[in-house]
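K.L.:
Going down the list, the protein sequences come from chains V and Y.
Every letter in the first sequence is one number past the one before it in the numbering used here, and letter 147, counting from 1, is 147.
Every letter in the second sequence is one number past the one before it in the numbering used here, and letter 269, counting from 1, is 269.
One should not assume that every hint holds.
[As the list claims (entries may be wrong)] For lysine-lysine, the following BS3-like pairs were computed, each having C-alpha atoms within a straight-line distance of at most 27 Å:
1) Y:140 / Y:242
2) Y:214 / Y:140
3) Y:131 / Y:81
4) Y:115 / Y:131
5) Y:115 / Y:165
6) Y:70 / V:72
7) V:72 / V:41
8) Y:256 / V:130
9) Y:140 / Y:256
10) Y:165 / Y:256
11) Y:70 / V:80
12) Y:228 / Y:214
13) V:80 / V:41
14) V:121 / Y:165
15) Y:228 / V:130
16) Y:70 / Y:228
17) V:130 / Y:81
18) Y:214 / Y:256
19) Y:165 / Y:70
20) Y:70 / V:81
21) Y:70 / Y:81
These are calculated hints, taken from the structure and not from any lab test.
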Amino acid sequence: MTRRGFVGPLGDDLPSIFPIIAAVLLFVGTLVYANGLVTAKNRTLETRQAALGLSYVVTERGLIDDQAEFEKTTCEDNLKKYALSNHIQFVVTIKRYCIEPPGQRGIRFYYPKENPLPEEKRLSPSYLEKTPTDSDDPAVVYGHTWTYCTNVPNARNNDLLQVPADAVAFTYPVAVPCPLTQQLPTNGLGIINVIAWKERGKI
Amino acid sequence: MKRPKLLHQGGKRGSERFRAQAAIFDGINLLLLASISSALIFSFVSGYGTQQDRVLRSAYILNYMQSVVKASYFIDASTLKNIDNRESTVNRAGNPTTTPLEIYQDLADSQTGCKALARYSGSFSVTELLKRDLAEKDAKLDDRFDGTEAAGITAYKCAVKELMKPFWYAGFYYGFDVVDLDRADGAAVQVMPKGGVPQYPQTRLVTDYPEFLKNGAPSQFGLCANAKAISPDVVTVQVPFKVIYVDTTNFPPDRKLRTYALSFCIWHPQP
């Protein structure tokens, strides 16, 4: 005896399997995608928070007047230890704008990212070649890195440190010692760049 | 007469057809439920971290403004002598160029602008000059200390013009007041007009908001208090600032400690 319209136990439920599979795929896909977004957002927020923590340490006084003290106390004892506990890599550069070469005045906050000239490359926030403290040549002092601190391994081998695209960068004003051009110790305009990013593989 | 058997009344064929219909109905229901759940998840994710992000941004701005005030305690006024109203930018072709800015036109004056700060070579920080500007009988910010010159407010304006550049580039406005805490109403110390820039009579005010430079602050409570009428999001940093005033008209001279607050604010006008 044949039963009209009945195509077997599986065949009868076949049309309902498509919406069920679509529903499961949609839900699981959404969960995976949302998890990715939340993780990425958490990573960014944690990096920003850690970068802010580093900034509080560097901007504590509003004056950075001793290169050796900065490199020993602030850098080794404070910044590197803070970065280690927060699993971040960072670079902090301090630049002086006390004396200006012809055609420049005040602080220059912009620099060309693409194909910079050699002298423009030195204005980059992640430029790591230090200028001599006693130099009073404006072309050497203006916007160049006076001192820096980083926990990136082998950073000294690169003059311009390449930072990842997802790095967080903050800039702050600070007073820095100007070269002794007038035989008087004077403090002038300077800026602190704080760039931080999460270590690869650490969430 | 034989009555036809209703489907729900049994019969193998009827129950199987019902089962198939119920299964597809369940499937569609599940799809609907999954779609609603996905929409809810997306709605949650789109707002996730927004508040934390706002808090962190606000913390950065506050730290930046505190750094501006801290730095002003150490920056020697004489190092600002080359600041003027010209701003180095990049033109459309990507070449460096300088543009004169009207709002800072007074800073370019060779006698009363930033160039005048060369006179304080190696001796005064920006805030020390500001204290001197305030240390007179009737405290007002006029670049004078009794009969002599003390370019305190101009020095502050030159410093702030440079230090606030990132926010100026980003379209924010800033204001700076010296609030007199000895007065019961907490009014700001009066900033005297400078002249020389007809389109901006109040050019001595430390702000980059053109309306204030044209007409001054609408009330006596300073730029920061008045900025609240322009924008609901005014971020203000206040630091105590004490000035010793010596009244030499008496003998022995009277020493009075005046209590002020440096009020520094930033805002973004609402569109």
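K.L.:
Failing hints, ascending?
P.N.:
Hints 7, 8, 10, 15 and 18 not satisfied by this model.
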